[in-house]
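**Q** Residue strings, one per chain:
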Amino acid sequence: MKLTTRNRFAVTVASAAAAGLVLAGCSSDVNDTAATTEAATTEATTEESVAPAEVAMADCGDWTIAMHGWVGYTASAQVLAEVAKSDLGCNITQTKLDEAAVTYDAMEAGSADVIVEDWGGGRWQDWIDRGAIVDVGSNGNVGLIGMYVPAWMVDEYPDIIDGTKLNDYVDLFKTPESGNKGAWYEGPPGYTTVGQKIIDSYGLDYKAINVGSEQALLDLFEKGQADKKPVLGYFWEPNYFLAKIDMVRVNFPANDWTDAAVASGKTDYPALDLEKLISSKLADSGSPFATLVTNFTWTNADQNSVALDIEDGMTPEEAAQKWIAANPDVVAGWMS
Amino acid sequence: MEWWIKLKSSKLFWVGVILLAWIAATNVFYGKSSTELSTLTNTPMSDWFSLGMEYIRNNRYTNPVFVYVINPIRSFVEIFVDVIRFVISSPSGSNVIPLVGWLGTLSVVGYLVYATSRLRFAILAMALLLGCGVLGMWMFTMDTLAMTLGAVLLSLAIGLPIGIWAGLSDRVMNAIRPILDLAQILPTLVYLAPLALVFLIGVAAATVATMIYSIPIAVRITAHAIRSLRTGPLEAAESMGSTRIQTLKKVQLPMAKRTIILGVNQTTLAALSFVVIAALIGAPGLGLPVIDSLMIRDVGGGFLAGGAVVLLAIMLDRSTSAAVEFSDSSDFLDEKAKSRRRMGLIIGGVSTIAAIFVSRNMLWAAVFPNQLDVSEPVSEWISSAALWVTDTFSFFTVGFYEAFTVSVLNPLESGLTGAPWFVTVIAVTIFAVLVGGFRVSIVALIMMLLIFSTGLWFDTMVTLSQVLVAGVVVLVIGVVLGVFTGRSERFAQFIRPFLDAGQTLPAFVYLIPVLALFGPTRFAAIVCGIFYASPIVIRIVADGVRGVSTNMMEAATSMGSSRFQSIYKVQLPASKRSVLLGANQGLIFILAVIVIGAYVGAGGLGYLVIAGLSKPEIQGKGIAAGVAIVALGVVLDRIAHAAAHREPKRLSVSKS
Numbered sequence: 001m002k003l004t005t006r007n008r009f010a011v012t013v014a015s016a017a018a019a020g021l022v023l024a025g026c027s028s029d030v031n032d033t034a035a036t037t038e039a040a041t042t043e044a045t046t047e048e049s050v051a052p053a054e055v056a057m058a059d060c061g062d063w064t065i066a067m068h069g070w071v072g073y074t075a076s077a078q079v080l081a082e083v084a085k086s087d088l089g090c091n092i093t094q095t096k097l098d099e100a101a102v103t104y105d106a107m108e109a110g111s112a113d114v115i116v117e118d119w120g121g122g123r124w125q126d127w128i129d130r131g132a133i134v135d136v137g138s139n140g141n142v143g144l145i146g147m148y149v150p151a152w153m154v155d156e157y158p159d160i161i162d163g164t165k166l167n168d169y170v171d172l173f174k175t176p177e178s179g180n181k182g183a184w185y186e187g188p189p190g191y192t193t194v195g196q197k198i199i200d201s202y203g204l205d206y207k208a209i210n211v212g213s214e215q216a217l218l219d220l221f222e223k224g225q226a227d228k229k230p231v232l233g234y235f236w237e238p239n240y241f242l243a244k245i246d247m248v249r250v251n252f253p254a255n256d257w258t259d260a261a262v263a264s265g266k267t268d269y270p271a272l273d274l275e276k277l278i279s280s281k282l283a284d285s286g287s288p289f290a291t292l293v294t295n296f297t298w299t300n301a302d303q304n305s306v307a308l309d310i311e312d313g314m315t316p317e318e319a320a321q322k323w324i325a326a327n328p329d330v331v332a333g334w335m336s
Numbered sequence: 001m002e003w004w005i006k007l008k009s010s011k012l013f014w015v016g017v018i019l020l021a022w023i024a025a026t027n028v029f030y031g032k033s034s035t036e037l038s039t040l041t042n043t044p045m046s047d048w049f050s051l052g053m054e055y056i057r058n059n060r061y062t063n064p065v066f067v068y069v070i071n072p073i074r075s076f077v078e079i080f081v082d083v084i085r086f087v088i089s090s091p092s093g094s095n096v097i098p099l100v101g102w103l104g105t106l107s108v109v110g111y112l113v114y115a116t117s118r119l120r121f122a123i124l125a126m127a128l129l130l131g132c133g134v135l136g137m138w139m140f141t142m143d144t145l146a147m148t149l150g151a152v153l154l155s156l157a158i159g160l161p162i163g164i165w166a167g168l169s170d171r172v173m174n175a176i177r178p179i180l181d182l183a184q185i186l187p188t189l190v191y192l193a194p195l196a197l198v199f200l201i202g203v204a205a206a207t208v209a210t211m212i213y214s215i216p217i218a219v220r221i222t223a224h225a226i227r228s229l230r231t232g233p234l235e236a237a238e239s240m241g242s243t244r245i246q247t248l249k250k251v252q253l254p255m256a257k258r259t260i261i262l263g264v265n266q267t268t269l270a271a272l273s274f275v276v277i278a279a280l281i282g283a284p285g286l287g288l289p290v291i292d293s294l295m296i297r298d299v300g301g302g303f304l305a306g307g308a309v310v311l312l313a314i315m316l317d318r319s320t321s322a323a324v325e326f327s328d329s330s331d332f333l334d335e336k337a338k339s340r341r342r343m344g345l346i347i348g349g350v351s352t353i354a355a356i357f358v359s360r361n362m363l364w365a366a367v368f369p370n371q372l373d374v375s376e377p378v379s380e381w382i383s384s385a386a387l388w389v390t391d392t393f394s395f396f397t398v399g400f401y402e403a404f405t406v407s408v409l410n411p412l413e414s415g416l417t418g419a420p421w422f423v424t425v426i427a428v429t430i431f432a433v434l435v436g437g438f439r440v441s442i443v444a445l446i447m448m449l450l451i452f453s454t455g456l457w458f459d460t461m462v463t464l465s466q467v468l469v470a471g472v473v474v475l476v477i478g479v480v481l482g483v484f485t486g487r488s489e490r491f492a493q494f495i496r497p498f499l500d501a502g503q504t505l506p507a508f509v510y511l512i513p514v515l516a517l518f519g520p521t522r523f524a525a526i527v528c529g530i531f532y533a534s535p536i537v538i539r540i541v542a543d544g545v546r547g548v549s550t551n552m553m554e555a556a557t558s559m560g561s562s563r564f565q566s567i568y569k570v571q572l573p574a575s576k577r578s579v580l581l582g583a584n585q586g587l588i589f590i591l592a593v594i595v596i597g598a599y600v601g602a603g604g605l606g607y608l609v610i611a612g613l614s615k616p617e618i619q620g621k622g623i624a625a626g627v628a629i630v631a632l633g634v635v636l637d638r639i640a641h642a643a644a645h646r647e648p649k650r651l652s653v654s655k656s
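Note that the protein sequences, when read in sequence, are chains L and C.
For the first sequence, the residue numbers in my numbering are 1 to 336.
For the second sequence, the residue numbers in my numbering are 1 to 656.
Source of the hints: derived by calculation from the structure; they are not laboratory data.
Possibly wrong hints are sitting among the right ones.
Pairs of lysine to aspartate or glutamate residues, derived as EDC-like cross-links and limited to a Cα-Cα distance of at most 20 Å, are as follows [unchecked claim]:
id : chain 1 : residue 1 : chain 2 : residue 2
1  : L       : 197       : C       : 617
2  : L       : 96        : C       : 47
3  : L       : 281       : L       : 62
4  : L       : 223       : C       : 617
5  : L       : 229       : C       : 391
6  : L       : 266       : L       : 219
7  : L       : 229       : L       : 155
8  : L       : 197       : C       : 292
9  : L       : 174       : C       : 292
10 : L       : 266       : C       : 617
11 : L       : 223       : C       : 47
12 : L       : 181       : C       : 391
13 : L       : 229       : L       : 171
Partial list, derived from the structure: chain L residues whose beta carbon lies under 10 Å from chain C [unchecked claim]:
id : residue
14 : 177
15 : 216
16 : 246
17 : 294
Computed spacing ranges between beta-carbons, pair by pair [as the list claims (entries may be wrong)]:
id : chain 1 : residue 1 : chain 2 : residue 2 : range
18 : C       : 364       : L       : 151       : 30 to 36 Å
19 : C       : 4         : L       : 223       : 43 to 49 Å
20 : C       : 61        : L       : 311       : 20 to 26 Å
21 : C       : 391       : L       : 171       : 27 to 33 Å
22 : C       : 369       : L       : 128       : 45 to 51 Å
23 : C       : 64        : L       : 333       : 24 to 30 Å
24 : L       : 322       : C       : 387       : 25 to 31 Å
25 : L       : 223       : C       : 480       : 34 to 40 Å
Heads up, the beta-carbon is just placed ideally off N, CA and C, and yes, glycines get one too.
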């Protein structure tokens with residue numbers, strides 16, 4: 001038959017279709033063999049992970065952990081994921097999502113199931129009222145956000161740690177980006193921040209500059225301490241970084257709020273119990289994963305050590321597994 | 001007083017007058033009617049949006065519009081794309097590897113390209129795709145390919161019928177043209193938040209966002225194809241006595257097919273270019289490693305991911321272009337070539353089936369082998385090279401950045417933000433009348449009043465200051481390099497790969513090295529805008545310069561003008577229209593990047609959009625900021641567009 005353009009196209013389509021049918025029928029799926037080897041998971045782990053087929057404890061199910069954008073979160077979430085996969089045989093997917101409403105909406109829609117560390121102080125109440133989310137308690141970490149300055153500044157200007165006196169030091173913090181005002185480096189847009197409110201309520205002559213990411217803040221503080229440059233920046237505990245670079249917290253009057261949306265700006269950030277949130281789908285399922293998440297708890301020091309390993313170059317999986325191997329008793333305590 | 005009369009009639013003079021008047025008024029009334037607003041304070045319009053969003057949240061599962069329209073659409077789109085992903089990349093679920101492993105996918109792509117063009121394009125396509133795998137990005141590439149394919153198919157399914165309708169009816173075309181224009185100048189970041197709200201973060205929202213961007217292209221090209229079939233060729237064919245069927249077979253279908261394949265080409269590239277941004281609302285694929293690299297300042301990682309995007313873009317572009325080229329020439333092959341090709345197709349078909357079979361049974365053929373993966377050494381090398389550049393040139397870069405910011409950017413920003421809003425509005429309106437005409441000035445006025453009503457005038461001025469600075473620099477670079485490119489074929493050859501890469505690299509990828517060099521500053525955002533917009537301006541100006549007729553050039557040289565004079569006095573004025581068109585395109589590109597620049601400290605409207613995405617208390621403000629960005633884009637676009645089209649196409653010989 002003459003192979004005109006049209007015929008050629010038809011041949012292509014027909015062969016592809018035939019091939020598809022043949023393949024669907026005959027060949028075995030290398031999915032089964034691959035599931036038990038590690039090679040398959042190395043590239044796929046950034047987007048998903050899979051439990052080895054042999055340790056299939058029934059009924060754990062497929063669950064999604066929302067991944068937020070800071071290393072401490074990754075540390076907690078990865079440990080949770082590794083325990084769920086190896087000890088419970090769960091099928092865990094880790095999806096990158098922004099904090100707050102974005103993730104709460106996703107949980108309501110069923111595309112995310114677990115937030116392992118939420119700093120929101122109750123901002124999820126509307127979703128709880130609608131029956132979409134369940135608060136399963138604190139994860140054991142206590143979070144404290146604040147404005148920090150490099151330690152050398154406290155030696156030279158002792159009362160700089162009193163936030164209400166910051167107007168005396170505006171000249172120190174002036175940069176081309178902030179013009180005539182001092183530079184107040186604020187947390188990335190997805191983070192819980194009330195810096196602008198504080199600036200407004202105290203009439204501080206500072207400009208809140210958003211540097212976009214945790215890494216950018218780290219760079220600023222590193223330079224600040226190394227080059228003895230004045231830096232006033234947003235930071236938080238728990239964070240492995242505080243052990244590496246000497247930074248001191250600037251204090252404002254005692255805190256009186258937990259939900260940033262209603263903060264007046266006159267008071268400091270709260271020392272928060274960081275909460276775990278799960279979707280009602282997970283809560284109602286009776287899966288052992290729900291129990292695991294509810295029982296999951298560890299200290300700031302624990303999180304910092306895993307985070308430090310990740311920063312030093314280990315993959316999150318390796319760092320998590322290292323911690324799990326070193327703390328079997330803690331892990332066992334989560335299982336009951 | 002002849003010079004006075006000449007001066008009075010010169011547009012440039014009056015523009016200068018307006019500028020001086022504006023500066024004077026700003027100095028006198030500085031700070032009065034300031035519209036500065038704290039970031040976390042809402043305005044009436046943003047409150048209104050917030051209420052709307054609250055409503056959507058509360059009624060997402062009960063409101064009939066959602067239940068019967070939006071949610072089914074979301075499910076459908078998600079399933080559609082997931083099916084494709086199921087075949088070539090692994091969707092979330094219990095599968096470790098996709099239905100067809102990497103070897104199989106590679107072979108299928110190669111075969112398809114071979115079947116629609118020639119062997120050498122198939123080899124090129126496979127090599128480029130292999131390159132993506134070698135960079136360690138195979139799975140992400142497959143996800144992106146699946147997303148792009150899904151978006152293109154859906155865009156064509158919607159765009160083709162609309163395009164045909166618009167092609168057949170002038171009224172329809174005129175009705176939808178403003179919508180098409182708007183969709184193409186909307187900076188992408190703006191409609192992400194509303195889409196994420198309506199469709200929820202994920203594949204569906206990302207695909208719909210991509211479709212908003214690529215459907216207009218499909219519609220435009222199809223309408224153009226239908227239009228060009230309605231007249232000339234048809235009449236010619238009929239006058240030569242062909243029957244309806246003959247006309248259809250021999251004239252209409254071939255012409256239509258060629259244009260439709262061109263439409264597929266353009267739609268595919270548009271969809272692919274959306275890839276990275278779409279990752280912000282849950283699109284799987286190459287966008288994820290790009291954004292990750294940005295967040296952790298990994299220049300090497302960003303290079304790998306960006307490189308994979310470029311390779312994929314080149315592959316899709318060359319393959320679909322080749323399909324266009326060979327869509328109608330295959331009938332002219334001689335008998336020997338035809339039978340050789342037949343053989344080739346059969347052999348190729350069999351090998352492809354074999355490859356698919358192997359990739360389903362052998363692990364090495366299913367998952368891209370680590371041995372071929374050079375990502376780590378490449379990434380490390382690039383990162384250390386970047387570090388070296390940053391350290392070595394830091395004195396220069398930091399010094400330049402500080403000098404520039406203090407002497408140019410800060411004064412401009414404080415001028416624009418300090419000027420009472422109505423002074424600026426009046427100045428811009430008069431400027432629009434002068435440069436573009438009465439109708440454009442009305443549009444500009446309405447848009448500016450819209451911006452004011454969002455309550456975000458101050459932030460708009462912050463963003464505008466950055467756009468203007470970048471715009472001026474891009475114009476200078478574009479004209480200088482464009483003239484070079486237009487005049488010298490050798491230079492054009494040299495610069496072409498840079499222009500190609502510049503147009504396919506997603507804007508985000510530029511941010512990463514620029515961030516390393518200049519830190520998180522407005523300056524970094526401006527530099528990014530310059531890099532991103534220059535290629536297109538250079539191309540357009542070069543085109544215009546080349547279009548200046550050789551007669552004119554010869555006349556100029558024969559009258560003794562030097563090279564500089566012939567550039568300055570002949571080529572530039574004759575291509576003024578192209579320069580203005582380039583400025584138009586450039587401004588839109590710059591606006592898009594400046595908005596993204598908020599990720600690295602640019603502030604302004606972009607920051608509000610991004611912050612609104614994740615802070616419930618100012619989500620309404622984020623949407624309002626989106627409205628302001630669009631309005632600003634329309635003002636810039638319409639003024640530049642009108643200015644370009646008022647220029648006569650050719651330099652008239654009578655005037656001096």
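**Q** May I ask which of the numbered hints given earlier this structure violates, with the numbers listed in increasing order?
**A** Numbers 2, 4, 6, 8, 9, 11, 12, 16, 17, 18, 19, 20 and 23, in rising order.
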